[in-house]
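All residue numbers for the sequence shown refer to my numbering, where the first residue is 185 and numbers rise by one.
Heads up, some of the hints might be wrong.
[To be verified] Once the Cα atoms are required to be at most 25 Å apart in a straight line, the calculated BS3-like pairs of lysine-lysine come out as:
#1 K283 / K223
#2 K210 / K223
#3 K210 / K277
#4 K245 / K277
#5 K283 / K245
#6 K283 / K210
#7 K245 / K210
#8 K277 / K223
Don't read these hints as lab results, they were simulated from the structure.
Since this is a predicted model, take the numbers as computed values, not measurements.
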Amino acid sequence: MQTHPENGDGSHIGLLHFVCLRLAVKSQQAEVMRILESKSIQYELIDISVGGEVRDEMRSKAGNPTAVPPQIFNEDQYCGNYEMFSDAVEEDKVEQFLKMA
185 MQTHPENGDG SHIGLLHFVC LRLAVKSQQA EVMRILESKS IQYELIDISV
235 GGEVRDEMRS KAGNPTAVPP QIFNEDQYCG NYEMFSDAVE EDKVEQFLKM
285 A
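Given the sequences, and given the hints that come with them, work out the whole structure.
Written out as structure tokens, the structure is:
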């Protein structure tokens with residue numbers, strides 16, 4: 185688990201980003217991390233490859249029993265999947281997507 189404790193202004197956002205280690209997913213996860221870091225947004229990675237309970241928790245919080253990573257949350261509030269995040273980036277609405285605005 186990797187944590188980025190600072191958010192520029194020192195506030196705690198509590199974004200959770202569920203990940204696993206498959207190659208296709210790793211590329212998407214790297215893109216999400218790069219964008220969050222470029223915006224100085226702290227996040228926590230949760231590796232779902234460590235066990236079924238963590239994967240089940242991700243799917244339950246996402247409201248989708250077949251959800252695959254990366255899935256993005258602000259605390260326990262579901263923000264969306266990679267495609268939704270990517271759309272928000274293209275529309276310059278990342279903070280709204282992350283429910284920060």
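Status of the hints after comparison with the structure:
The straight-line distance between the Cα atoms of K283 and K223 is roughly 14 Å, inside the 25 Å bound, and the hint therefore holds. A hinted pair counts as satisfied when its Cα atoms are at most 25 Å apart, and K210 with K223 qualifies at roughly 20 Å. With a C-alpha separation of about 23 Å, the suggested pair K210 and K277 falls inside the 25 Å cut-off, and the hint holds. Straight-line distance between C-alpha atoms of K245 and K277 comes to about 22 Å, which keeps the hinted pair within the 25 Å bound.
A threshold of 25 Å between alpha carbons decides the hint, and for K283 with K245 the separation of about 15 Å falls inside it, so the pair holds. With a CA separation close to 24 Å, the supplied pair K283 and K210 stays within the 25 Å bound. Using a Cα cut-off of 25 Å, the hinted pair K245 and K210 holds, with the two alpha carbons roughly 21 Å apart. At roughly 12 Å between alpha-carbon atoms, K277 and K223 fall within 25 Å of each other, so this suggested pair holds.
Violated hints: none; the structure is consistent with every hint.
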